[in-house]
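Spelled out from the first residue to the last, the chains are:
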Amino acid sequence: MPEGYLPLFVFLIVALLFPVVLLWAAALVRPSTPGQVKHEAYECGIEAASNARGRYTVRFYIISILFVIFDVETVFLFPWAVRYRQLGWFGIGEIGVFLLILVAGYIWAWQKRALEWV
Amino acid sequence: MPGNYMPSAAELFRFSPELLLTAAGTLLMIFEAITSPKQKRSLPVFAFLSLLAALALAVAASSDPGPAFNRMLQVDGFATFFRVLVMAIGAVTILISTNYLKQAEHEGGEFYSLVLFSVVGQCLMATANELIMIFIGIEVSSIATYVLAGYLRDDKRNNEAALKYFLLGSFATAFLLYGVAWIYGTTGTTNLSGVRGVLLDPQNAPNAILISVALGLVLVGLLFKVSAVPFQSWAPDVYQGAPAPVTAFMATGPKAAAFAAFLRITMWAFEPVKNHWIPVLWFTAIATMIVGNFAALRQSNVKRLLAYSSIAHAGYVLVALTAASKTGTEAAMFYMVSYAAMNLGAFAVIAHVARKGERRVEIDDFAGLGNRQPLTAAIFTVFLLSLIGVPLTGGFFAKFYVFKAALDSQLIALTIVGLLNSAVAAFYYLRLIVIMYMQPAPEGVDTLPEPSLGIRTALVACSLATVVLGVFPSLVLDIAGRGASFIR
Amino acid sequence: MTLLELVLLIPAAGFLVALLLPKGNPKLVRNFALAVSLVVFLLSLGLIGAVTADPQHMQFERSIQWMQSPAIRYHIGVDGLSLWLVILSTLLTPICILVSWNSIQKNVSLFYAFMLLLLAGVVGVFVSLDLFLFYVFWEISLVPMYFLIGIWGHDKRIYAAVKFFLYTMAGSVLMLGAIIWLYVKSGSFDIPFILDSLGKGRLTLGASEGLWLFLAFFLAFAIKVPLFPLHTWLPDAHGEAPTAGSVMLASVMLKLGTYGIVRICLPLFPDAAKASANWIVVLALIGIVYGALVAMVQPNMKRLVAYSSVSHLGFVVLGIFSFNHFGMDGAVYQMLNHGVSTGALFILVGFLYERRHSLEIVDYGGVATVAPWLTILFVITSLASIGLPLLNNFVGEFLVLQGAAVANFPWAIVAALGVILSAVYMLWLVQRTFYGATPAAVKSHFTDLSPREWAIIVPLVALMLWMGVGSGSFLPAVRSSNDQTLNLVLKSTYARQSSPPAELVGRVTRPDLKESADAR
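Residue numbers (our numbering), protein chains in the order written: chain G, 1 to 118; chain F, 1001 to 1488; chain S, 2001 to 2520.
Keep in mind that a hint or two might mislead.
[What the hints assert, rightly or not] Take a look, some chain F residues computed to stay more than 10 Å from chain G by CB distance:
1. Thr-1026
2. Met-1029
3. Arg-1071
4. Leu-1167
[Stated by the list, open to error] Short, incomplete list of chain G residues facing chain F, as computed with Cβ under 10 Å:
5. Arg-53
6. Gly-96
7. Leu-115
[Stated by the list, open to error] When the alpha-carbon atoms are kept at most 20 Å apart in a straight line, the in silico PhoX-like pairs for lysine-lysine are as follows:
8. F/Lys-1038 / F/Lys-1102
9. F/Lys-1274 / G/Lys-112
10. S/Lys-2163 / S/Lys-2185
11. F/Lys-1326 / G/Lys-112
12. S/Lys-2200 / F/Lys-1326
13. S/Lys-2106 / S/Lys-2185
14. F/Lys-1102 / F/Lys-1040
15. S/Lys-2156 / S/Lys-2027
16. F/Lys-1164 / F/Lys-1102
Since the hints were made in silico from the structure, they are not lab data.
Glycine residues also receive a C-beta, built at the ideal position from the N, C-alpha and C atoms.
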């Protein structure tokens, strides 16, 4: 059994060696001139207006989390759609239950005023 | 063919407790959203009743044992035993919580809904006959518990506890899942019976090293969940920070379910290679008992003290697992029941004494409780004596069966270490009794209100269970014995 | 329900009832506890007839299955060995309740409830014939004593209570391990059954296995006795306990240890007992001399009496491990004597404390001038404790010394030193407390004995005299029980040695001794 994994280990070793060798080789040939400008986020283009760790209002988070949840949940509809014919009425029932639970979550979020902006 | 996907009526019946709890949990969310504040009073009652109904269904389902959903689940005596246990734990948690949440001004259906979902996950862990199902069960149970740990979101300690629990818990499940992948890679199946079949097949035996690594990764995940050394460091912080009723729940329910999965994996799937995991558990058991007990000696916060004590108790259960026998499995099952009774009870008392904002959780806050509320103090003493392991309490027989199983398997050194540890443990439990009875309450201490109806019910139920387990242990041990019959 | 069960269960029921009695009425609880304990005492007297008629066999035996797996039986019975210890416990409980009549004012109902629970616990230990049941009662008796010291004790009570609990617990967990091991080997907790299995060869213990099991049991018992060097909890526990707690501790609970040695260690592990006898006796001898020497320099009365207990209990262990009839009979008799005389000493010290509120000897002096009757009774009790002829301890100590001399003469010489030293510390205590100049505080505070105090102390002093001159009433039952134990111990030696020493055989059947004892 473990012999079957041999290519995988070779792959792993090559994958580790490759960047190490490349960086090492580059360090040998490149000139080294560190400077202030090189440490900025964008070496060229628009200068950063403020720190990236600034604060946003919490509503952004709530909205984005709600979006992610409902977005990810709908992914589960795809496998059902693919096997729609084979699953038949059983599939319809199952996805109905699934959607009902989603709707319950939606009602809860709605009533908790998570969807209101103001 | 569509028929292949269609679960039979018998399978649905076997799975009905989980279905019922899921439906109840979802309904609770909707009720929470659409009812008036006054109507919300009945939400905990609804949650409590649905847990009792699910419990009845679980008992009824045990009359028709068998597999369900393509052998993903296995409803047998073992599953029923742990299902009933975690549901009872959930019910008691609800009893403890109601008044606590009212004091914290954080009443809400979500809390009870999360408890129900967590219980569903734990039921799944107990019933699963499939590594993926165990993983899903752990996730369902854990994610709900992470939220519960941080339920009082204005409380900094709650937030800290929830975040720590979430990060370390996810870390542990990642290990587990990685181990599952290795198992699938080496044996070609994730079904526990399938794994067992492969390991038993001499023609097709998988490589010993690969299977050890796979098992090791799974064990890391499980040991994390039961807070065994060296993966115990999260427990004290999380137990201390979470609301007291949630701590009661976390220390008993998920732990019992984790041990159920632990037993299924070690004593069923990997039983053929038990020589690989017995030494690991041997060391872990000793280290867990010693670290838990000795760290508890120095604690001044009662919740933290009980957190370390629960680490130590996990060590005793690991002794039973190390015995790797049917008696050991029975002992572990019995231990979880009596541990749940006494620990839930002890945390109920703490939740009662701590009150709003949990400002009274230092040991000194229990001073004079023997005079201020004699009955509460007496019941707390019963739990503490049971945690020590004094005869005529459940804790005594729990330890007794564990050490008997260990001696049956010739684990003499482990038994001696365990016995000495239980003497050490007496010291820190005694400190609480000393404070309650032998030190007067400080001057000007505010009066402690009478315990609420929920807490009173929980205390009576837990203390009755503790005493009954201590006088007639065979009532539960016989059931455990039938449940452990999957071990041959 | 047999008489013995009533003696065991009435106090246990009394414990529950006392807890439920209304809290605001201490008088009711006191009277209730006294009534219960007196009834139990009278009932326990009913045991005497049947047991003395046939002390070799268990009387009032009762055996019910408690649970099937593990096979635990509720198996109790009483024979010549346990009979007097049971009666000692039931006698001292009402006395202790009377002693606490006025001095206990805090949590009154809890106090008397614990006294009754303690009685149930110790009687349970004495009558259990199932190792598991024995362990259960052993631990149960620990809990009330812990609270008695911790709640109603003196200043350092918490330290003393925790130390007491932890020492005993540390010993008893190892005993639990040994009990489980025996169960795993034999499939039973039943002491008669295990003995039978050992005798018939159904169960054999390897030499080292037997030794380890013996040591596990012996450690638990030795801590309780307490045997030097495990005695350090005792002075603290005694020094801090309330009077009733000290009395029950010294008179009854210490005997649990020595009783356990005779009832369990010797019959079950005779070979290991013989193999360990030498070093155990050395520890006992050290205890005798050391206890006496330390008692001599104690400034605190209770600690003095506590150290004297270490010395006296050394005699008991010495007698047991002499492995002959003199020593064994003396040891068991000495258990009873120590119970009566040291109990009385603690009570009398308690009387002094109630008057002067001090346990320091320097605070006293010249008490004889203000309380002559108290002085007389204290002197009698002290003389009994020293071992004056005609009083109880003389008989026990004499038999123990005789047994030690037969076994190994130098032992007896060292032990005799302990007797002499006991005279020194007791008489010196009497002299400093009751004679000499009378401080003003003593003069103004002291009254002589009240009727309640008379009622407490007279039965004990009478018993000291009776046990001193009428040992024939008590010893025969003890002796026939010891016959069996000794037979087991000595027989196991024959099994290993091809030719049993002739003098040992003679000593077991010993018709000559019976006559001499009767003459005495």
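Verification of the hints:
| no. | hint | verdict |
| --- | --- | --- |
| 1 | Thr-1026 | violated (5 Å) |
| 2 | Met-1029 | violated (5 Å) |
| 3 | Arg-1071 | holds (19 Å) |
| 4 | Leu-1167 | holds (18 Å) |
| 5 | Arg-53 | violated (18 Å) |
| 6 | Gly-96 | violated (14 Å) |
| 7 | Leu-115 | violated (12 Å) |
| 8 | F/Lys-1038 / F/Lys-1102 | holds (13 Å) |
| 9 | F/Lys-1274 / G/Lys-112 | violated (52 Å) |
| 10 | S/Lys-2163 / S/Lys-2185 | violated (34 Å) |
| 11 | F/Lys-1326 / G/Lys-112 | violated (51 Å) |
| 12 | S/Lys-2200 / F/Lys-1326 | violated (31 Å) |
| 13 | S/Lys-2106 / S/Lys-2185 | violated (49 Å) |
| 14 | F/Lys-1102 / F/Lys-1040 | holds (12 Å) |
| 15 | S/Lys-2156 / S/Lys-2027 | violated (29 Å) |
| 16 | F/Lys-1164 / F/Lys-1102 | violated (26 Å) |
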